[in-house]
Amino acid sequence: MFRWDIVWQFFFSSFIFQAAWTTLWISVVAQTCGVILGLFIALMRMSRNRFLSGPARAYIWFFRGSPLLVQVLLLWDGLPRIVPDLLLPGWAVIVIAFSLNEGAYMAEITRAGITSVDPGQMEAAKSLGMRYALAMRRIILPQAARVIIPPLGNEFNNMLKTTSIASVIGLEELTGTAEIFGSPTFTIFELLIVVTFYYLLLTTLWGFVQSWIENRLNPDRLTKADLKEKKSWSERMIGFGSRTGKGGGTLVSGR
Amino acid sequence: MSLEQANGSKAAGTNEMVRAEKIVKSFGHLTVLNGVDLSVKRGQVVVIIGPSGSGKTTLLRCINHHEKIDSGHIYIEGEMIGYREVNGKLVEDREATIARIRSQIGFVFQRFNLFPHMTALENVIEAPIHVLHQPRAEVKERAVALLEKVGLADKADAYPHKLSGGQQQRVAIARALAMNPKLMLFDEATSALDPELVGEVLKVMDQLAKEGMTMIVVTHEMGFAREVADEVIFMDHAVIVEEGKPEQIFDNPQHERTRAFLSMIL
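One line per chain: the protein sequences are A and B, in this order. Start counting the first sequence at 1; every next residue gets the next number (this note's numbering). Start counting the second sequence at 256; every next residue gets the next number (this note's numbering).
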């Protein structure tokens, strides 16, 4: 028998709020670290210096080539054996493993973004006396961002759901919470329904945020006057409308 | 480099903006510059002409160290660009040094290479603010004046993709001028333009020449070369075949290859 009362009770309980918060902050922290890590791995990977590009290649090869679950367990079970005194809490292990893993994916996405920028841009920047780092920061990366943001949105969408892996080491994020409360009382199905809803809520909200970001990066943004005149609210917020070009997107997947 | 050569370079540096000595450059097996010498004095306008693949664009790019050279020396006001000498061997210079010299040389590209994520004004103020660390208000004032000078005062807030090719190239010239360069290099600045837009860019270049800017111009616009150049250089097959006053090159070319080239395009 399906217990609706359990669904409602759980839906508005502080446990699920707490769990959703855990899912959210782990995702945000791991994704942020992954983006930063990915940028540096990408720049290393693109370097002409082998001592930089070699390690970057190996890094990407390892973290994209083995399952995240295995990487989590390697860190969880293996770290205490390598460094016995180091007892990291579960959330730290999860954040580290997710960040390292995400760094590899973001490195490839970032590299694709940087490669997509016309080489003439770097030349123009350098002809104006800019050094590599300044040219990257001011000229190349802002343009690469337009290519990076849509897949980055997908990555974060994935990240929100991948956090469920944290349940295997007992972390009380959404999935783990459902298991902890559901298993002893045989109401896991009801609780998973609630959890599913919360995942959808998070990914949908993220879809809105992403569309907003993508539109900010749109070269058609032009001046404030243009914005008022040419774009409706829906066009700006979620990318729906007749306007062609970059910056559109559907609600959930963020593409 | 012998002492004598060093002195020669230094002494000439007083009035000499660019000096290139025996530049050799190849891409794989293809030699694109085969011992090219060049001397450009302050305030001079030198126009380089020649058929496609003759090496003229590569020569220009070497002067800004956009291309590495295999051998030879290039000096900007007596200072070697791109390389320094260590125990008689040339090694590539530090990035900061190359960047500093480049910041004094304006480069105008065939394909404009404006920064598409910035407005015309932002394109112009970018380098003075972030490379020269000049105060924003002051730079902005100068940038507005420069855009006015190239006839684009009303386009300051437009993004490059909303501008025509001719307008983009004029913004690119303004962007280069904002750095107060002592030398301007033009790499086929009008070749990517629709014919009706060529004139507006040439006009700006002409005006710049009249104001005394030192310029090296690679172009196919022979009318411009004849009108504006102090000296015309004809290049073919990786070498300078002939150089002289425009009248001399255009009306009385000494070499067969120059005559053949001019008869083909004039």
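No wet-lab data here; the hints were simulated from the structure. Errors might be hidden in some of the hints.
Now the in silico label distances, taken between C-beta atoms and shown as ranges [unchecked claim]:
#	chain 1	residue 1	chain 2	residue 2	range
1	B	S326	A	F62	42 to 50 Å
2	A	L69	B	P390	51 to 59 Å
3	B	K458	A	P55	50 to 58 Å
4	B	A408	A	F62	28 to 36 Å
5	B	E350	A	G120	16 to 24 Å
6	A	G54	B	P390	40 to 48 Å
7	A	G120	B	V346	24 to 32 Å
Glycine included, every Cβ here is placed at the ideal spot set by N, Cα and C.
(message) Which constraints among the numbered hints does this structure fail? Numbers only, ascending.
(response) Violated hint: only 4; rest satisfied.
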